[in-house]
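Number of protein chains: 2
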Amino acid sequence: MTARKLHCVRPVPADIDIAQSIDAQPIASIAEAAGILLSELNPYGSTRAKVKLSVLRRLESSPNGKYIVVAGMNPTPLGEGKSTTTIGLAQALGAHLHRPCFACIRQPSQGPTFGIKGGAAGGGYSQVIPMEDFNLHGTGDIHAITAANNLLAAALDTRIFHERTQDDAALYRRLTSELETFTPIMQKRLDKLGIHKTDPKALSEEERVRFARLDVDPDTISWRRVTDVNDRLLRDVEIGMGKAEKGMSRRTGFDIAVASEVMAILALVDDLADMRQRLGAIQVAKSKTGASVTAEDVGCAGAMTVLMKDAVEPTLMQTLEGTPVLVHAGPFGHIAHGNSSVVADRIALKLAGVDGFVLTEAGFGADMGCEKFFDIKCRTSGLKPDAAVLVATVRALKFHGGVEPKDAAKENADALRAGMSNLLRHIHNIRKFGVPVVVALNQFNTDTEAELALVKELALQEGGAADVVVTNHWSKGGAGAVELAQALIHVTQTMPSNFRLIYPDSASLKEKIETLCREIYGAAGVEYLNGTEEKLADFERMGYGDFPICMAKTQYSFSHDPELRGAPTGFIVPVRDVRVSCGARFVFPLLGEISTMPGLPTRPAYYNIDIDCDTGKVVGLS
Amino acid sequence: MTARKLHCVRPVPADIDIAQSIDAQPIASIAEAAGILLSELNPYGSTRAKVKLSVLRRLESSPNGKYIVVAGMNPTPLGEGKSTTTIGLAQALGAHLHRPCFACIRQPSQGPTFGIKGGAAGGGYSQVIPMEDFNLHGTGDIHAITAANNLLAAALDTRIFHERTQDDAALYRRLTSELETFTPIMQKRLDKLGIHKTDPKALSEEERVRFARLDVDPDTISWRRVTDVNDRLLRDVEIGMGKAEKGMSRRTGFDIAVASEVMAILALVDDLADMRQRLGAIQVAKSKTGASVTAEDVGCAGAMTVLMKDAVEPTLMQTLEGTPVLVHAGPFGHIAHGNSSVVADRIALKLAGVDGFVLTEAGFGADMGCEKFFDIKCRTSGLKPDAAVLVATVRALKFHGGVEPKDAAKENADALRAGMSNLLRHIHNIRKFGVPVVVALNQFNTDTEAELALVKELALQEGGAADVVVTNHWSKGGAGAVELAQALIHVTQTMPSNFRLIYPDSASLKEKIETLCREIYGAAGVEYLNGTEEKLADFERMGYGDFPICMAKTQYSFSHDPELRGAPTGFIVPVRDVRVSCGARFVFPLLGEISTMPGLPTRPAYYNIDIDCDTGKVVGLS
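First to last, the protein sequences are chains A and B. Mapping of the first sequence onto the numbering used here: position 557 corresponds to residue 557, and the numbering continues sequentially without gaps. Mapping of the second sequence onto the numbering used here: position 438 corresponds to residue 438, and the numbering continues sequentially without gaps.
Just so you know, these hints were derived from the structure itself, not from any lab. Incorrect hints may appear among the rest.
A pair counts as met if it fits within one copy or between any two copies, since identical chains are not told apart.
Stated by the list, open to error - Below, computed lysine-lysine pairings styled on BS3-like, alpha-carbon distance capped at 30 Å: (1) Lys309 - Lys52; (2) Lys192 - Lys510; (3) Lys192 - Lys617; (4) Lys384 - Lys52; (5) Lys535 - Lys246; (6) Lys410 - Lys52; (7) Lys384 - Lys309; (8) Lys410 - Lys456; (9) Lys288 - Lys192; (10) Lys617 - Lys197; (11) Lys535 - Lys286; (12) Lys192 - Lys476; (13) Lys286 - Lys243; (14) Lys476 - Lys201; (15) Lys410 - Lys384; (16) Lys188 - Lys617; (17) Lys384 - Lys432; (18) Lys510 - Lys286; (19) Lys243 - Lys535.
Chain A extracted, bound-state conformation (with noise of 0.2 Å):
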């Protein structure tokens, strides 16, 4: 490995500062210490790189690394350090005790970046680098899916307003003017239809106007343009007011780009032909008689994939201390699964070897976060995790004990004791997977060692935690978190992972939710609201009834109610609402009110960010 040996100063500088104060090293020294082939590799810049696929076929017959998730406590205000964690524990395996790792991350949506915060993977001496390029477009993989997405939206609004204005004859016309052949697109459209048929000239009066109406039903249409840029003024539109669509208007609004289907797709891929039919397979609307219409019946799935082809490879960056990072998709936790990509994690798995290690953040509390890893992406990809890590601090505990954020960094061991329900229950649940669980305790300047002890106490005696480690890796960089990688080290060599999934995908909808809300959120039971079960039902007509489970859920609380800190236990969860995507292949119940447009605040970040015209270097981000 090409590690580099840091200088930690006390106290510890701004983020940006610890960034810009380390060159990276050239992307092709670290993709070659990874065994990454300089013809798998397309640079983007010197400092990262995308990584074909090849690899995969490449490595097909090797063994897989460990595959350890990283997962955390419900958050607070605080911080509890998971992205941080997973950085530093990546530096510790790999700088300092010399195994092949690497980390897999989430590329960050760049919206808040200028809104409440100002970005970054990781934080203190445990970083990826360069910040700016992790923050700042990235290698255009979201700029890809932004334009999918609204590719899709333009299509579907144009296509409604030509068929209002145009009447059978001239619209079936303008299709396949000078076709002697349908288009391959076309021809999926007529296989679904069950027109058999490859000559335009052929098809019945009654044909046409199946094959050229698709007929929406526009109170029905799901699919929303989306942007990455907190515009709150976005969320709800009404579009087509111009004179030139003829009163064509209708209220819809913008997501942030991360929220869109297209990135939950490229998170859950296993290549460029899975891609494809998934983009196809997106439900937008239905049509007045009840019918799905899809991107494939839009005819413009070829070229969203077309569009993606190039975001479908992850992204290889690097840490502080030179360890590699694989920088791949990033959906929304609560309405999408909130894990970085499967291609990603395998290209890793195979990398890393039988002695290495791949780390996958996990979003949000495990709650979600992790049950999604293992009930949607493992699912989906078949991949057995080894261990987890979960990310835990004092002052979270104590928060979630009932104390304030500000007597957070008082000693407490009530409220402490009290908070440990929260991370007991995660231990107890990730367990219920069959995966052992090592936590990692962020530690504070402010936390006793009274405080620490009795963490350790509780989480391995109460939780069966297979090892519980105090973790300094914000300040110290890799050399904070040895201890914790050579306990990771240690429970995979002696505890097997026994890994099963908590519902069959045959269960039906409904007891897959009752499953996840009793075993894993401690509810006493679920209410469907508004006709939820109606429309699940529906769903199971529709032939979703297989797909898996994503709760749109509060991120801050075990139950549906963020003020719910700890363990709560006797609620009743409430399904407000439930859709699915259908390109995704999940189906998502919404617990509550969930924004997918952020705003931005009265003095947002963007007052200290700048550029140095001199040097060329951002500042200010933080």
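Use these hints to put chain B onto chain A, whose structure you have.
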């Protein structure tokens, strides 16, 4: 040079088949042959690389190559092949005559690739490759423009929202909380307001209000959002319709991304510092008291520059024959200046050196593209063009002589003679700028010897063209433009350019408009409608009187009326509106309805576009 031999077959295959039949050379080889150091290159995959502006410092004292603008007659539905000529001529000069030669061209908008036409730079055996990389995403510059443009839009609207919903004290407190001194970005606004204080606590009540309240008059907002998709439904929208926006809805619209002023700025900047300054100067609205509200006032011009920091570097690609191409910027041709970037031209001129040539393409007909190249781009850069290549076809000339497209293939000396009026006026116009003109006559099978001879005779004798050469680079690659290349070399050796601008900076805005209308368009006069005279006077009062004029008129005629072919006279140009781009620094009069958002036809190009999942190759781009 890394020339490669083309084997041209007949009939000429589809563009994408030719493009995909030739493996692009490694871009590092192209760069090396072009005199670019590896350390000056930021590769994007193996076939594209950004070129750092540091080349300019290294070659500061080197002589420039010959600076050639490639322009066209007024475009017709038949297509004249201006891009194809730019590329074919580069292939001839570089691969056949072994001169250092660069083609500098615009990055295409991605939207239309999926709409009416399939994209492509050039055609036949004169193309930029790989075609997919050229047409899709590029190296992310347009995505960066979209991000910067839309960040400013979101920042402006959200600021208005916060100003509406907070009282003076709360607004100021949130803007400055925890700040001991104003951020440098805030300081810029304070400087503009004449408040010379650094401590937020030191401002008087009145100063606090002036600082915190941009006090935007929503009716004056001129900044629109953009997307790189042909999405007609977004032309006119109402935003902010959600309950959370508290009634702050307003009408606005989206343009296609390349219509953003950020694109116009990118094409004109000298360096990052110039870009930072121009982005800050963008005027987005006026306050209720009539003051200019800029991106700097909104506070996000630094962040916009950060988003654009890589976009300022041009992208190196190659022709089918391995000659270097710089792709950079692609502003609209009517509401902006329609020319590729100044920095790309500068870099190419230094790299080409004293024996070399730089071919830069001007958009639309020469009455707009070439005039703006001279009066806006060269005025801004100070660069002096050595010659112009003016592209024409016999068919297009006959169209301008009154025949319909379907009849343009038939021999018709009268129509040709009549249509020559169009070409002759373009020749005369370019000569008014002191620049010698070489006419490139792209040959079609249907052209007769007599027709070609007539064009040649009139262009030389009546037009005063320096030379007229028949070309066949579409079917023969560079070999088909060798004679043109030789003519160009000869002209630049024997006819020194005596470049001059057609109006001085100091002329009034009305004088500038009238000069263009009379001298270039052949108009009898100008009429100012809808209060445009007052608006122009207002622009001069606000300090924009020195800006050049960027006429937003139809590209199909010298006049404002697209139906007036040939060389119309006697018409009065109606100025229907006037606007200003304070960052790009030009005033643009609108002579008619200008669409800044294309639509999708009933059968868009995407019905043919897909990916071959086995090979990863794109199919159906045309």
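For each hint, the structure was consulted:
In the homo-oligomer, the alpha carbons of lysine 309 and lysine 52 lie at most 30 Å apart both inside one protomer (11 Å) and across protomers (27 Å), since each shortest distance falls under that limit. With identical chains, the CA atoms of lysine 192 and lysine 510 are at most 30 Å apart within one copy only, with a shortest distance of 29 Å there and 62 Å across copies. Taking the shortest Cα distances, lysine 192 and lysine 617 sit within 30 Å of each other only across copies (25 Å), while inside one copy they are farther apart (54 Å). In the homo-oligomer, the alpha carbons of lysine 384 and lysine 52 lie at most 30 Å apart inside one protomer (23 Å), although the nearest pairing across protomers, at 45 Å, exceeds that limit.
For the identical chains of this complex, lysine 535 and lysine 246 are neighbours neither inside a copy (34 Å) nor across copies (32 Å), given an alpha-carbon limit of 30 Å. In this assembly of identical chains, lysine 410 and lysine 52 lie within 30 Å of each other by CA distance neither inside one copy nor across copies; the values are 50 Å within and 53 Å between. When the C-alpha separation of lysine 384 and lysine 309 is checked against a cutoff of 30 Å, the pair qualifies only within one copy, where the shortest distance is 27 Å, while the shortest distance between copies is 42 Å. When the C-alpha separation of lysine 410 and lysine 456 is checked against a cutoff of 30 Å, the pair qualifies only within one copy, where the shortest distance is 19 Å, while the shortest distance between copies is 91 Å.
For a Cα distance limit of 30 Å, the shortest separation of lysine 288 from lysine 192 inside one copy, 17 Å, qualifies, whereas the shortest one across copies, 58 Å, does not. For a Cα distance limit of 30 Å, the shortest separation of lysine 617 from lysine 197 across copies, 27 Å, qualifies, whereas the shortest one inside one copy, 60 Å, does not. Proximity of lysine 535 to lysine 286 under the C-alpha cut-off of 30 Å is restricted to the intra-copy arrangement: shortest distance 14 Å within a copy versus 50 Å between copies. In this assembly of identical chains, the alpha carbons of lysine 192 and lysine 476 never lie at most 30 Å apart, being 59 Å within a copy and 45 Å across copies at closest.
Taking identical chains as interchangeable, the C-alpha atoms of lysine 286 and lysine 243 lie at most 30 Å apart whether they share a chain (27 Å) or sit on different chains (27 Å). Taking the shortest Cα distances, lysine 476 and lysine 201 never come within 30 Å of each other, neither inside one copy (73 Å) nor across copies (38 Å). In this assembly of identical chains, the alpha carbons of lysine 410 and lysine 384 never lie at most 30 Å apart, being 40 Å within a copy and 71 Å across copies at closest. Proximity of lysine 188 and lysine 617 under a CA criterion of 30 Å is satisfied inter-copy only: 20 Å between copies versus 50 Å inside one chain copy.
Proximity of lysine 384 and lysine 432 under a CA criterion of 30 Å is satisfied intra-copy only: 14 Å inside one chain copy versus 74 Å between copies. In this assembly of identical chains, lysine 510 and lysine 286 lie within 30 Å of each other by CA distance solely inside one copy; the values are 23 Å within and 56 Å between copies. When the C-alpha separation of lysine 243 and lysine 535 is checked against a cutoff of 30 Å, the pair qualifies only between copies, where the shortest distance is 27 Å, while the shortest distance within a copy is 37 Å.
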